[in-house]
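Asks: Chains as they are written, first to last, in the working numbering: chain F, 15 to 387; chain U, 46 to 316.
Just so you know, these hints were derived from the structure itself, not from any lab.
Glycine included, every Cβ here is placed at the ideal spot set by N, Cα and C.
It is possible that part of the hints are untrue.
Example chain F residues on the side facing chain U (calculated, C-beta under 10 Å, incomplete) [said to hold, decoys possible]:
#1 THR60
#2 LYS61
#3 TYR81
#4 TRP314
Pairs of lysine-lysine residues, derived as DSS-like cross-links and limited to a Cα-Cα distance of at most 30 Å, are as follows [claimed, not checked]:
#5 LYS55(U) <-> LYS306(F)
#6 LYS61(F) <-> LYS151(F)
#7 LYS306(F) <-> LYS277(F)
#8 LYS55(U) <-> LYS117(F)
#9 LYS120(F) <-> LYS350(F)
#10 LYS62(U) <-> LYS100(U)
#11 LYS120(F) <-> LYS151(F)
#12 LYS55(U) <-> LYS193(U)
#13 LYS193(U) <-> LYS306(F)
#14 LYS193(U) <-> LYS120(F)
#15 LYS130(U) <-> LYS62(U)
#16 LYS306(F) <-> LYS130(U)
#17 LYS100(U) <-> LYS306(F)
#18 LYS158(U) <-> LYS100(U)
#19 LYS277(F) <-> LYS193(U)
#20 LYS120(F) <-> LYS100(U)
#21 LYS277(F) <-> LYS123(U)
#22 LYS313(U) <-> LYS277(F)
#23 LYS100(U) <-> LYS124(F)
Computed from the model, here is a short list of chain F residues facing chain U with C-beta under 10 Å [said to hold, decoys possible]:
#24 GLN85
#25 THR86
#26 LYS88
#27 ASN98
#28 SER281
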Amino acid sequence: MTDKTLFIGSTVALPKPELDLLLADLRKNDYQTVGPHMQDESIVYTKIEGLKDLPRGILSEQNPASYRMLQTDKDRYFDFIPANQSWKQFLFPPRHTLFSASKEGKWQLKENDEPAPRYALIGVRACELAAINIQDKIFLREDFSDPIYRSRREGLFIMAVNCLDPDATCFCVSMGTGPRHTAGFDLCLTELDEVFLVEVGSELGRSMLAERTYDLPSAFVQNAANQAMDRATRSMGRTMDTRDLPELLTTHLDADRWNVVSKRCLSCTNCTLVCPTCFCWDAVDQADILGKSTRRERVWDSCFNPNYSFVVGGNTRPNIRSRYRQWLTHKLGTWKAQFDVLGCVGCGRCITWCPAGIDITEEVAAIRAEVNS
Amino acid sequence: MTLSPKSSLKPKVAVYKFSSCDGCQLSILNMEDELLDIASAVDISYFLEATRTVKPGPYDVGIVEGSITTPHEVDRIKEVRAECKYLIALGTCATAGGIQALRNFSRVDDYIKTVYAHPEFIHTLETSTSIANNVPVDLEIWGCPVNKGTVLEVLAALLQNRRPNFPPSPVCVECKRRSIICVAVAQGIPCLGPVVHGGCGALCPANGRGCYGCFGPSSAGNFNSLVNTMVPLDRYPNETANLLRSFSSNSPAFRAAADAALKIASTKEAK
């Protein structure tokens, strides 16, 4: 009899219906299982129960300013490339009440002490996991850690998925983040027609998977998965040369290309809000008319918002050129000095979801061409 | 502007109607949970939509709904301005001229002759214009209708001597904060959201429609790029131009953008 003992690092073949039971087990362990689901002509991340909620047979087709889905009759669930939403919304919520205060005699402050939800993220791509690792550096610093992010991050279960069918806006290979997972997950799926190959990445993942019925993968199945992943690596829709970053951008703040791109940029904030690493926020007070109660909320903000850089004496970035330049020189420039990594993971969301279709890889290449000419 | 809450006299507020549908006044009356608080914080001295009781001016705050479309209104808005210390233009009729400003793009006489049996009784202007086009305005609240939360925030800010919080960020911010999928990118529906002032909570995109700009231009908006981006998505002739030629059509940014959109369309036709 073959030894089916699981270890961290083991890979097994899991029949697809077993995923339903695995998700049910996660829920029994107080996790909310969230994953991809078809909604509003796109894929959103929301509560899912099992295979029935996943986008079955869906392929995505992404281009600048365009996300489209294609329905196939394949019994596959992870062939699409994620849409605008990223897991950011679960760890760094778009809106979060920090505290409320009311005045009865004197002011009483009430912090928001709602317990953080425990999420099991189902279907995290390698670029997305890289983005979570970058946000860890932002929100979980040694000298300061964000309590909202930390409480959600600590309770996280990550079921990763290896990407097999990259879209035209993907460039994770250039950024060194994908398409294949290497570490940081509890379990990692590679989807084949008949089964999921599941790699164990943590003790927690091992214990969840141990309850399920699985087989040892045949050499044939493992080979098929490896070939599919190699194919994915070779079929990136875009590339970005990062060898001269961040200096290329930080030393060419007067490049003419900033003027060119600012004519197209809508300053609409979409690129930053869909970016899985962008982390800007604002704190907004909502007071009642009698001045007896108020609530402070943290909301997503963006360096493209005109008020974002409004300080005493005026706006330090008063036009679109200065705002776009700020974004790119931070993301691919000063981010490195700040967090020891570039702020881009190559997911392509800012290209697909920019209504004007501005392409970050094209902008970097254009600045390089201008500088070298 | 400070309305001192310490003063024993409550600030007097007047609400006026000009050419409009009354929807923005109704947005005030719709604040059912807050009306008692409002009434205890301010003295509602003139608000014919709510009560026939009228207290004499001058008033601390005047809230004006509607646009200026008749010679009589041109005179009356001057009187209103004179009797209010702080004047708020409420809603897109008052801030841009409203949907009735579509007359500004055609001949009003033609309409009058078509609609009325006795055109000689109609005294109207050639144009529908905003309050600020006629008298100085202290604050504009856009929207068709306005968001009642914004009205409340403005009143609260005036009473608390602080700047009202309605940042000039575009509708896109509200879509993304609400996890609404972009209708332009995912469905190819023209949408003005990238250049339109937020405040509605992304009502139209949340219902699968493109934004038609009833909250007016966002201060940062790049209308040139918007036109170049959205016109190619038009599902019928001049769809983007029609979005721009609606409730906010008479605001300068919308005017120029609609002209540009129509020009692109006519160039395409000529080819």
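Asks: Would you check whether THR60(F) satisfies its interface hint, that is, whether its CB is within less than 10 Å of any CB in chain U?
Replies: For THR60(F), the interface hint holds, since the closest Cβ of chain U sits about 8 Å away, which is under 10 Å.
Asks: For LYS306(F) and LYS130(U), compute the direct alpha-carbon distance and say whether it is at most 30 Å.
Replies: Holds - the C-alpha atoms of LYS130(U) and LYS306(F) are around 26 Å apart, at most 30 Å.
Asks: Given the proposed pairing of LYS158(U) with LYS100(U), does the C-alpha separation stay at or below 30 Å?
Replies: violated, 40 Å
Asks: Given the hinted pair LYS193(U) and LYS120(F), is their alpha-carbon gap at most 30 Å?
Replies: Holds, at about 29 Å.
Asks: With the threshold set at 30 Å, check whether the alpha-carbon distance from LYS61(F) to LYS151(F) stays at or below it.
Replies: Holds, at roughly 27 Å.
Asks: Taking 30 Å as the top limit, are the C-alpha atoms of LYS120(F) and LYS100(U) close enough?
Replies: violated, 35 Å
Asks: Please work out if LYS277(F) and LYS123(U) have their alpha carbons no farther apart than 30 Å.
Replies: Given that 30 Å is the threshold and the Cα spacing comes to 41 Å, the pair is violated.
Asks: Assess, step by step, whether the Cα of LYS55(U) is no farther than 30 Å from the Cα of LYS306(F), and give holds or violated.
Replies: holds, 17 Å
Asks: Report holds or violated for the interface hint on ASN98(F), using the least CB-CB distance to chain U and a cut-off of 10 Å.
Replies: Where the cut-off is 10 Å and the nearest Cβ of chain U is about 7 Å from ASN98(F), the hint holds.
Asks: Would the pair LYS55(U) and LYS117(F) pass a check requiring their Cα atoms to be no farther apart than 30 Å?
Replies: holds, 20 Å
Asks: Going straight from one Cα to the other, do LYS313(U) and LYS277(F) come out at no more than 30 Å?
Replies: holds, 22 Å
Asks: At a threshold of 10 Å, is the proposed contact between GLN85(F) and chain U supported by beta-carbon distances?
Replies: Since the shortest Cβ distance to chain U is 15 Å, the answer is violated.
The structure does not agree with the numbered hints 2, 7, 9, 11, 18, 19, 20, 21, 23, 24, 25, 26 stated previously, though it agrees with the rest.
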